[in-house]
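Student: Spelled out, the chains give:
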Amino acid sequence: MHNHQLVNNVMNHDFVRAGLVFFFIIFFLFYVLAVIKNNKLRKQWPSYRTLFWTLGVFCSAVSMIGPLAEKAHVSFTAHMISHLLLGMLAPLFIVLASPATLLLRSLPVAKARLLASLLKKKIMHIFLDPLVAAILNIGGLWLLYTTDLYMLMHQYIWLFIFIHLHLFLAGYLFTTAILSIDPVIPQKHFWYRSLVLVIALAAHGILSKYMYGHPPAGVPLKQAESGSMLMYYGGDVVDIILIFLLCLQWYNASRPRQYPVSHNINSL
Amino acid sequence: METSTAKSSAPFDNRYNFTARNSISGYLFGLGFVAFFDEAVFHQLLHWHHFYDKSTTSIGLISDGLFHAFSWFATIGGLFLFADLRRRKALWLVRWWGGVLLGAGVFQFFDGTIQHKVWRIHQIRYVDNVYIYDWIWNITAAMMIIAGIIITVRTKQKAKAAKHA
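Just so you know, the sequences run in chain order A and B.
So the first sequence is numbered by the working numbering: it starts at 8 and just counts up by one.
So the second sequence is numbered by the working numbering: it starts at 701 and just counts up by one.
Since the hints were made in silico from the structure, they are not lab data.
Be aware that a few hints might be false.
As the list claims (entries may be wrong) - Looking from chain A toward chain B, a few residues come up when the C-beta cut is under 8 angstroms (computed):
no.	residue
1	S201
2	L208
3	I213
4	G220
5	F251
Unchecked claim - Derived SDA-like pairs (lysine to any residue); straight-line CA-CA distance at most 25 angstroms:
no.	chain 1	residue 1	chain 2	residue 2
6	A	K195	B	D784
7	A	K229	B	H750
8	B	K754	A	S233
Everything numeric in this text was worked out from a predicted model, so none of it was measured.
By construction, the Cβ of each residue, glycine as well, lies at the ideal position given by its N, Cα and C atoms.
My request is simple: use the sequences and hints to build the entire structure.
Tutor: Laid out in structure tokens, this is it:
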């Protein structure tokens, strides 16, 4: 465990911590400023989206700075809590905040057009395909926990940063591809998204159970057991929300024409 | 629920137009409910089932993961279909229950025979005379399947008779 000290020391350095706090505050303020600008010129931006953005930034920050993040360097269980926050819960909140739409609305027209045309590029469509996003997301987890990558992550700071960035970005890509709440994101067919979601959730569950019996290199058996159960059931909680939101989209889209408004979800 | 579109038929008849959807909603909810019951009661409350069993085959692990994931989707999706049937005034509760019993029974039977015994994902309880548990488990499943089939066939006949009348 000597090598654990290396990344641990860097991440717990006051300078690095201050930098991270600064980064998260900037990240948060960007959105708030865009909302203020948008509300002056256009239709009011719903306040629940700002709330989701706050929660999303908060979850990411808690996973990277503070007592949990410090513990995550030495305890696999704490590591798993911080990964659930950074890789699943934070992306869900961020997706519900529709940041891409807000960005397009608040940029000057020329720049917004440029961004919109970039989003329409073929390469973006490939990355935003639910299946590709799922492979990047869950495939990354398989690589991390079934090879020596998890051990190496604690030795090389650049690997640590890359893996955590990937975890969040792949989580965001996957969640946004499945839910397609942000209108900028191309919406695939409900059945395709459902199928990919079930397979991805299954691959996540299979990996958790596999890790219970085959701990990643350098992880003590007891920690691997509690960590993998946390991954299994914690993943379920977020996935239940994803499934609910996806089914709700189907429910609203398949509303029979002859019963226009009175039969929505609230009448149940 | 005041809708004034009863031109062609009374809203009560709409359930005959959605016999399949009533069954599918039932199958999904039944499967999901049994999986949820299994997780909540046998894993979490009684601690009879184990999270991981060293003798699990790979295919058992994969099958367990797939069914676990699908069962959440089935529970939630089945209930949304139920809500959809209600707003269409097409809910046929008896037929829906037939679907629930069939879905629950088929999954429990598959779990009790293939998953527990052949792929050995875990046993019902880690005791010497586990075969007694296995028999009770699978007989319960078989009874649910038989009851589900009877209800499904009977309601289907009723729907056919009503359509021809």
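Student: Can you list which hints this structure breaks, lowest number first?
Tutor: none
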